[in-house]
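There are 2 protein chains.
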Amino acid sequence: MQNLVKQVLQHNIRAIAKAISLIENGIETRKKETLIDTLHPHCGHGIIWGITGPPGAGKSTLLNRLVEQLRHDNKKVAVIAVDPSSPFTGGAILSDRLRMQKHATDDSVFIRSMASRGHLGGVAGATGDAIKIFDAAGYDHIIIETIGVGQTEIEVMELSDIVLLVLVPGLGDEIQALKAGVMEIGDIFIINKKDIDGADRLRTEVEYVLNLKNGGENRSRHPVIMTSATLNEGIDEAYSVIQSYYQILVENGELAIKRKERIEKELKYIAVTKIKESMDKFLNIDDKLDRWIEEVFQKKVSPYKLLNKKISEFLQEIDWK
Amino acid sequence: MQNLVKQVLQHNIRAIAKAISLIENGIETRKKETLIDTLHPHCGHGIIWGITGPPGAGKSTLLNRLVEQLRHDNKKVAVIAVDPSSPFTGGAILSDRLRMQKHATDDSVFIRSMASRGHLGGVAGATGDAIKIFDAAGYDHIIIETIGVGQTEIEVMELSDIVLLVLVPGLGDEIQALKAGVMEIGDIFIINKKDIDGADRLRTEVEYVLNLKNGGENRSRHPVIMTSATLNEGIDEAYSVIQSYYQILVENGELAIKRKERIEKELKYIAVTKIKESMDKFLNIDDKLDRWIEEVFQKKVSPYKLLNKKISEFLQEIDWK
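Chains as they are written, first to last, in the working numbering: chain L, 16 to 336; chain H, 16 to 336.
Treat the hints as calculated values from the structure; they're not laboratory data. Hints should not be assumed to be uniformly reliable.
Since the list gives no way to pick one copy over another, a pair counts as held whenever it fits inside one copy or between any two copies.
Subject to a maximum C-alpha distance of 27 Å in a straight line, what follows is the list of computed DSSO-like cross-link-like pairs (lysine-lysine) [claimed, not checked]:
(1) K47 - K228
(2) K289 - K325
(3) K47 - K314
(4) K303 - K314
(5) K324 - K283
(6) K324 - K289
(7) K289 - K275
(8) K209 - K228
(9) K325 - K296
(10) K280 - K296
(11) K91 - K21
(12) K46 - K228
(13) K21 - K46
(14) K283 - K91
(15) K21 - K324
(16) K91 - K291
Just so it is clear, the structure is predicted and the values come from calculations on it, not from any experiment.
Kindly generate the complete structure, drawing on both the sequences and the hints.
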C-alpha cells in the first residue's frame, strides 16, 4: 500500500487508476485507512468543482469545452462522472463519457465514472476518497459531474469547492427546480443553449430568485452566465468567471470554511460508520438481535421501549476523551 | 398523546391526520416514541403494498382502479404518495393526487402525500411510522406509491409486504431498468397500457429475466399481468392475483419473514439514530469537534488516525447487555 501511495504521489496513471478501483470495489478497512491517511497531508492543492443540472442541459458538452480551456492553460484535469442512482433516468452518463473521448487520449485528463448502485449510502464517501487520490496525485482541477439533484447528488455536490448549476430553457421543469431549493447548491449558474427561445427569460428568473436570496445584491455573489456549449459561445466568459469566483473564495476565507465543513462531515461520517460496524458486531453476539426481533414481532415489547433500555445502558458508558 | 392514540385506534379521521402530521413535522422524541410504542401492539392487521414504476407508466390510474375494487369489497384503504426527492423529476405526484380526488370524498379512503425533501435520510422512517398509524387505525390496505426507484424509493418500497412494479412499453429505458436490478424489488409485475405497441415484447422480456432469476420456474413465483388501467382491462385479474399472492405469502411463512426483516431494519435504524444523536452531543462538549476539524485541516493529523484513537477509547466502554 505504501508503494502504491508513493506511485500515486508521483502521478503514475496506472497507480491512480488502481487506487480508485480499490476504493470503489471496497478494500479491507485497514488498507483503505492507510491509503487515505497517507494521502491526506498531500491534499488541498486541487480545485474541486461540481457540475450538475437536469438531463438534456448540455452539461457534458459544456464540460468538454471547459476541459479544453483548462488543457490550453496546461492544467491537469480529473473528471469523476457519478452515475445517478435511479436506473429509470440512467443511461445519459454513458454517452457523456463517450463524448469525453476526445480527451480520453490525453494523459493529463483522467476521466472516471463512479457507479452509485451497490454503494447504498456510500457514493459520496467513495467519491470523496477518489477526490483525495486525484488531489494528492497532483491534478489541478477535479471535476465531479452528476445528473439531477437527488439526495445522493446533493451529497456529492457538497464535496466541491464550487458548484456549477447548468440550466436550459424549455425543459418545462426548470422553474420548479428553482423554486424547490436547488438554487441553494449552486455557486455559478450557467444558462446553456442561450440561442433557444426562453433563455433570456430563464436568466431573468434565475437572477430574480438569486436577488431575493441575497437581498438585492446578487450580481456580485452568484454569477449567471449565458453559454452555447455546442456553438462554443460564452465559454471564455464562463471560464474566466469560474477562475475569479474561486479567487474570491480563497481571498475572503470562504474556501477554508467550505473545506472545514467537508472535514466535519467526513469525521462524523467515519465515526458513525465505525460505531455502526461495531454495533452490528455486538448485536450478533448471543443472537441478541434475533431475540429482540422476535419479541417485537410477537408484540411482547415495543421497539422504542426495548431500545431505550438497551441504549441507555450502552450510552452511560460513553466517555469521549 | 394517550388521548390521541385512543382516537386513532377508534379510527377517528382527524386524529389519524393529526398523528401523521406530528410525525411528518417532527415532534419531540419522547412523544413520538410514546405514539409509536403505544400503537405497536395494535399493528399487523393491514396489508402493506408498494406501487412503483417510471413516470408515465400509469401508476395512479391503475391505483385508482385497484382502490375501486378494494372499496367494492368494503375494505378501508390508506394511500401514502411519497414525493420523489429530485425536484427535476418532481411534480407528477401532485397530479396523481388530483386524479385520486374521486376517492378523496370517501371516508374509508385516506390519501396522504409525504414529502421527502427536508427529511434527508428520514423519509423511509417517516413513511414507516405513518404505516403504523394507518395499520393501528384499522386500515385493511395501506398502499405506498413512489416514482422511480432511487435509493430513497427502494427504502420506502422495502416497507411493503408486496411490491407492484408497473412498466409500460415505449419509454425507451424499460429494458435498462430491468437489467439494472430493479426487478429485485418487484413481487408482481404489471405491464400497463397493454394495447400499446411493444407490450407483448416487454412481457416476454420481463418473463425472460424472471425466469433467469428463478431458474426457469418463474410463472409460479412472480406474476406478470397485462393491464390497461385507462380502458379498465385486466384490473380484475390484477386484483385477484394480488390477493392470492398475499395469501401464499401468509401460508408459506414469507410474510412473517419479510415483516421480521423490517423489524430488524427498524431496530437498527433507531439504534443508529440514537447513538448518532448522543455522539453529536458529545462532540460539542468543549468544542471537541471544532478542535479536531482544525487539526485535520492544518494536516497535523489524518482523519482515520484521529478517529481510530478516539473511537477505540469510546468502544472499549461499550457493553451491550
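Structure-based check of all given hints:
no.	hint	verdict
1	K47 - K228	neither (41 Å within a copy, 34 Å between copies)
2	K289 - K325	both (19 Å within a copy, 11 Å between copies)
3	K47 - K314	between (42 Å within a copy, 18 Å between copies)
4	K303 - K314	within (17 Å within a copy, 41 Å between copies)
5	K324 - K283	both (25 Å within a copy, 14 Å between copies)
6	K324 - K289	both (22 Å within a copy, 12 Å between copies)
7	K289 - K275	both (21 Å within a copy, 25 Å between copies)
8	K209 - K228	within (24 Å within a copy, 48 Å between copies)
9	K325 - K296	both (15 Å within a copy, 19 Å between copies)
10	K280 - K296	both (24 Å within a copy, 15 Å between copies)
11	K91 - K21	within (19 Å within a copy, 66 Å between copies)
12	K46 - K228	neither (45 Å within a copy, 35 Å between copies)
13	K21 - K46	within (14 Å within a copy, 55 Å between copies)
14	K283 - K91	neither (31 Å within a copy, 44 Å between copies)
15	K21 - K324	between (49 Å within a copy, 25 Å between copies)
16	K91 - K291	neither (38 Å within a copy, 39 Å between copies)
Figure legend: structure checked against the earlier numbered hints; hints not met, in rising order: 1, 12, 14 and 16.
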